[in-house]
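Residue numbers (the working numbering): 38 to 176.
A portion of the hints provided could be inaccurate.
As the list claims (entries may be wrong) - Taking CB as the label site, the calculated pair distances span: (1) Y114 to R38: 46 to 54 Å; (2) L120 to V146: 17 to 25 Å; (3) L169 to K84: 22 to 30 Å.
Unchecked claim - Once the Cα atoms are required to be at most 30 Å apart in a straight line, the calculated DSS-like pairs of lysine-lysine come out as: (4) K85 to K100; (5) K132 to K173; (6) K132 to K88; (7) K173 to K159; (8) K162 to K88; (9) K162 to K173; (10) K171 to K84; (11) K113 to K162; (12) K100 to K162; (13) K84 to K100; (14) K132 to K113; (15) K159 to K171; (16) K100 to K88; (17) K113 to K100; (18) K173 to K113; (19) K85 to K159; (20) K173 to K88.
Hints were generated in silico from the structure; no laboratory data involved.
Note that beta-carbon positions come from the ideal geometry of N, C-alpha and C, so glycine has one too.
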Amino acid sequence: RNATVSVIINIILSVTLSNVMGIGGLALASSISAMVTTILLLISLRKKIGKLGFSYIVITFIKVLISSILMYIVMKYTYSFILDYGSNFILESRKFIAFNLVVSVIFGVSTYLVLVLVFRVKEVKSIFDVILSKVKNII
38 RNATVSVIIN IILSVTLSNV MGIGGLALAS SISAMVTTIL LLISLRKKIG
88 KLGFSYIVIT FIKVLISSIL MYIVMKYTYS FILDYGSNFI LESRKFIAFN
138 LVVSVIFGVS TYLVLVLVFR VKEVKSIFDV ILSKVKNII
């Protein structure tokens, strides 16, 4: 039943949105159809097994979303700052652009990791614990 609903929604949206948006409409129609299917499957799963812990999932999602947004802001401003500061140098240099990108990514990833640890996202803590135990076994 869920698959049938998904296919019908995808066909209707594909025809409608492709006339308005072209090929981008097809991609959007597929994405919307996939989201609807996911929601329908979650509802079916909940009926079969009971509670799925949606509140925990939503809280974790919000923590990760906030961390991701702040990471984006840090990366954007770091990139812009280095670009502005480095305007005295040769901007066309591939090495300068690569350096700027690497520094921005390092700052962004560091920000993200610190924030998910501060927000106490359990899954990230579990990943860190596994990595630390592997490193300790190597040493």
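Each hint, compared with the structure:
1. Y114 to R38: 46 to 54 Å: holds, 49 Å
2. L120 to V146: 17 to 25 Å: holds, 19 Å
3. L169 to K84: 22 to 30 Å: violated, 40 Å
4. K85 to K100: Holds. K85 to K100 sits at ~29 Å (cutoff 30 Å).
5. K132 to K173: violated, 36 Å
6. K132 to K88: Cα-Cα ~53 Å, so violated.
7. K173 to K159: Given that 30 Å is the threshold and the Cα spacing comes to 21 Å, the pair holds.
8. K162 to K88: holds, 24 Å
9. K162 to K173: Given that 30 Å is the threshold and the Cα spacing comes to 16 Å, the pair holds.
10. K171 to K84: violated, 40 Å
11. K113 to K162: holds, 26 Å
12. K100 to K162: Satisfied, since the Cα-Cα distance of roughly 14 Å is no more than 30 Å.
13. K84 to K100: Distance of about 27 Å is within 30 Å: holds.
14. K132 to K113: Judged against 30 Å, a Cα distance of about 19 Å means the pair holds.
15. K159 to K171: holds, 19 Å
16. K100 to K88: Status holds; Cα separation ~21 Å.
17. K113 to K100: Answer holds: K113 to K100 is near 20 Å, not above 30 Å.
18. K173 to K113: violated, 35 Å
19. K85 to K159: holds, 26 Å
20. K173 to K88: It is violated: about 38 Å lies between the C-alpha atoms, which goes past 30 Å.
Going down the numbered hints, you'll see the structure goes against 3, 5, 6, 10, 18 and 20, while the others check out.
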